[in-house]
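S.K.: If you want the building blocks of each chain, they are given just below.
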Amino acid sequence: MGDIESENQDIENSIKELARNLLRDKEVDVIIGYTKGTVPLSSSPVFITREEDTDKLLWNNLCYVNLANYLAPRIPKLYDEEGQKLKVGIVAKGCVGRALIHLAVENQINFENIKMIGISCNGIINRKRIEKEIGEREILETSILGNSIIVKGRDFEETFPFDEYLNELCKVCKVKSPPNVDDSCVGECLENPVIEDDFNDISDFESKTSEEKWVYIKDTLSACTRCYACREVCPMCYCNLCFVDQNKPIWFGKTTDFTDIFAFHFNRAMHLAGRCVACGACSSVCPMGIDLNLITRKLEKIVKERYNFTSGMDKETVPPMMSFSMDDKEEFMMEED
Amino acid sequence: MILLKDQVAKLYNELSEEYNFFAPVKEKGFIAYRKISNPEEIELNYFNSKIPPKEILFPQNEVLFEFKTDGKNVVEIEDRKDLDEKNILFGIRPCDAHSFDLLEKFFAFGDFQDEIFLKKRENSLLIGIGCNSPKSTCFCTSIEGHPFQKDDMDIFLVDLGDNYLVEGISDKGNNIIQRLSWLSKASKADVKKAQELEKKAQDLITTKLDLTNTSDILESNFGNEIWKEVSENCLGCGSCSFLCPTCTCFDVIDENAQYENRGRRIRIWDTCQFCLYTLHTSGHNPRNSNIERCRNRILHKFSYYPLNYDLIGCVGCGRCIQVCPVNNDLRTIISKINNIKTNEENVNV
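Going line by line, the protein sequences match chains U and Z. With the first sequence counted from 1, adding 57 to any position gets you our numbering. With the second sequence counted from 1, adding 1 to any position gets you our numbering.
The set of hints was computed from the structure by calculation and includes no laboratory data. Just so it is clear, CB atoms sit at the ideal spot from N, CA and C, and this is done for glycine as well. Hints are not guaranteed to be accurate.
Stated by the list, open to error - Derived pair list, reagent style BS3-like, types lysine-lysine, alpha-carbon separation capped at 30 Å:
id	chain 1	residue 1	chain 2	residue 2
1	U	Lys-83	Z	Lys-229
2	Z	Lys-51	U	Lys-209
3	Z	Lys-229	U	Lys-134
4	Z	Lys-229	U	Lys-113
5	U	Lys-209	Z	Lys-73
6	U	Lys-265	Z	Lys-27
7	Z	Lys-173	U	Lys-270
8	Z	Lys-229	U	Lys-73
9	U	Lys-228	Z	Lys-29
10	Z	Lys-229	U	Lys-189
11	U	Lys-305	Z	Lys-73
Claimed, not checked - Examples of chain Z residues lying across from chain U (beta carbon under 8 Å, computed):
id	residue
12	Val-26
13	Lys-151
14	Leu-212
15	Glu-233
16	Phe-251
17	Ile-254
Build the full structure now, drawing on both the sequences and the hints.
M.R.: Right under this line is the structure:
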């Protein structure tokens with residue numbers, strides 16, 4: 058891997074230039090991208106409509122929100138005053154592209170109105186892990202130097218190796234750039250990508266006994282406050298009314314008793330099988346620092362093994378959860394994993 | 002008086018028989034206020050808790066009462082029996098102590114006295130510690146607070162390094178101090194050091210929000226375009242309000258264990274950011290999008306609170322600034338609001 062800092066600079070320059078061109082040529086009405094956050098270890102999604110504002114666009118390894126989320130909200134956004142759908146340019150790392158493609162497969166969006174500003178993502182920093190490890194010291198500044206993340210505070214400076222402190226999902230990511238569909242991608246994109254994945258990263262977890270897994274899950278999830286940041290940031294959670302919000306009658310308990318927390322997270326996970334695009338935004342935004350990556354990775358693996366399917370790679374393959382075949386494997390229903 | 006840091010265990014031992022002793026502990030990487038059973042759990046090196054200590058008096062899930070049924074009708078209601086228990090909240094910060102004042106205003110507003118909250122509040126003794134090193138996101142001084150604000154505490158401690166300077170603030174607090182006869186006398190040097198720390202702490206607060214006219218501006222700008230801008234990237238999650246020391250909204254539900262002929266009525270934190278919050282039975286939702294929901298959160302704290310209680314409904318702890326997933330920074334929002342006026346004045350001129 059080259060120098061992260063200069064990679065970031067190149068990506069950012071390319072985003073700015075492509076965004077400027079799209080706005081200037083009136084190919085899009087609005088650009089959705091990232092801008093600098095006001096606190097360390099953050100970035101902020103931004104909507105840009107004027108060419109001169111494209112300088113606000115930024116790329117660094119903290120652009121953790123999956124921007125596809127803004128194209129499939131519960132309440133439609135991105136319409137002009139006459140109710141016409143706006144044409145959108147969207148800064149697309151690989152997982153944003155995958156999310157958009159899967160949303161198109163689920164008939165939620167139409168690529169006619171979308172231009173992806175494709176970039177080759179160089180990974181998102183595991184901000185919650187760093188936050189926890191720094192603990193009760195205030196982080197005032199972060200930067201990248203060589204292959205290190207430098208974290209500075211009032212009277213400390215710490216260095217974290219970049220590769221090790223990426224999001225777990227970024228470490229094993231095989232789709233850094235958005236797959237190109239309908240010629241909607243400008244910039245870096247993948248043509249007909251085929252990915253191989255051995256899922257070795259979760260073999261440790263898989264080798265645990267059921268009891269050990271249960272202890273891990275309980276320990277991980279029990280901090281949940283049910284603020285639903287994970288759900289709200291998820292591009293695939295676009296239901297008008299989430300199962301957990303059903304209240305006529307109530308389907309699921311609303312407390313933070315562990316059974317209720319567990320019911321929420323596992324039902325949400327089930328709903329994401331074969332749909333999750335492994336962007337890791339859910340873990341990046343959790344105020345309590347809950348990391349859901351093992352659960353999403355395991356889901357991804359099951360879907361890959363059973364149905365040879367990876368979400369968001371092309372528009373043609375019918376996802377397993379949208380089809381039915383008499384040959385579908387089902388022995389896993391009886392398995393304890 | 003002086004309390005040595007290694008005497009905190011003694012303090013705990015002396016008071017924990019009579020009081021539930023809540024103190025900051027490290028839990029899953031963050032600070033939380035928990036009822037402790039061993040003084041070694043207490044973490045004395047901390048900024049503030051992730052979830053504000055309001056959760057002690059107003060927990061996320063709170064059983065209001067339990068009931069028995071005969072399978073069809075409620076036959077017996079069992080009220081809470083633990084409300085007379087006494088609590089000590091050790092180590093809370095001035096901003097959070099001030100939030101208890103705001104919570105009390107809300108729970109005692111008008112004809113509706115929330116006995117559960119008020120009883121617990123009455124039975125709680127606050128032993129607060131001043132903030133020697135406020136965070137860059139702290140802005141208590143913008144709302145008449147201070148990192149060494151003592152008024153809302155019963156006993157106030159200043160961290161002098163190896164020991165705490167102890168000051169009784171309320172009668173309740175002074176009574177406790179009298180009981181702790183083993184506390185040593187503070188020297189003039191200790192008092193002087195505390196004053197220096199106070200000055201230093203105040204200087205460390207760099208976030209200054211001008212809230213002088215914010216309430217007036219908000220009142221006359223309900224339909225302003227700014228709300229669209231402010232809510233543009235908001236996801237609609239509840240992290241800002243669930244981690245806010247002054248948010249008080251809750252939902253009430255009945256849980257029924259049908260086959261055991263038992264049930265319980267619980268109140269659970271709710272937030273104006275959620276889709277169900279203002280959803281009418283008809284299906285109509287007057288706050289249908291993030292625009293109205295974001296606006297409500299700001300108006301409640303910076304307009305409705307001043308109108309109803311003559312107080313700002315924010316204590317300047319900065320938690321919402323730190324946790325917002327999309328970095329929708331309250332400081333930026335407030336300065337945008339304050340700018341509305343300037344622009345309009347320009348237009349009028």
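S.K.: Hint by hint, say whether it matches the structure.
M.R.: For each hint, the structure was consulted:
1. As the CA atoms of Lys-83/U and Lys-229/Z are separated by approximately 23 Å, the hinted pair is consistent with the 30 Å bound.
2. Using a Cα cut-off of 30 Å, the hinted pair Lys-51/Z and Lys-209/U holds, with the two alpha carbons roughly 21 Å apart.
3. For the hint linking Lys-229/Z to Lys-134/U, the alpha-carbon distance of about 11 Å falls within 30 Å, and the restraint holds.
4. For the suggested pair Lys-229/Z and Lys-113/U, the alpha carbons sit about 19 Å apart, so the restraint of at most 30 Å is met.
5. Distance restraint check for Lys-209/U and Lys-73/Z: the Cα-Cα separation of roughly 63 Å exceeds the 30 Å cut-off, and the hinted pair is therefore not satisfied.
6. Distance hint between Lys-265/U and Lys-27/Z is fulfilled; the C-alpha atoms sit about 27 Å from each other, no more than 30 Å.
7. Proximity of Lys-173/Z to Lys-270/U is assessed by CA-CA distance (about 49 Å); at most 30 Å being required, the pair is judged violated.
8. Between Lys-229/Z and Lys-73/U the CA atoms are separated by roughly 24 Å; this keeps the pair inside 30 Å, and the hint holds.
9. Our distance criterion of 30 Å between C-alpha atoms is met by Lys-228/U and Lys-29/Z, whose separation comes to about 23 Å.
10. For the given pair, Lys-229/Z sits about 34 Å from Lys-189/U by alpha-carbon distance, which is inconsistent with the 30 Å threshold.
11. Distance check on the hinted pair: Lys-305/U and Lys-73/Z sit about 20 Å apart at the alpha-carbon level, within 30 Å; holds.
12. Hint status for Val-26/Z relative to chain U: violated, with the closest Cβ pair at about 12 Å, above 8 Å.
13. Interface restraint check: Lys-151/Z against chain U, minimum CB-CB distance 23 Å, threshold 8 Å, status violated.
14. A least Cβ separation of about 18 Å between Leu-212/Z and chain U goes past the 8 Å threshold, and the interface hint is therefore violated.
15. Taking 8 Å as the C-beta cut-off, the interface hint given for Glu-233/Z holds, the closest approach to chain U being about 6 Å.
16. Violation of the interface hint for Phe-251/Z is found here, the shortest Cβ-Cβ separation to chain U being roughly 11 Å, above the 8 Å cut-off.
17. Interface hint at Ile-254/Z: satisfied, since its Cβ lies 6 Å from the closest Cβ of chain U, which is below the 8 Å cut-off.
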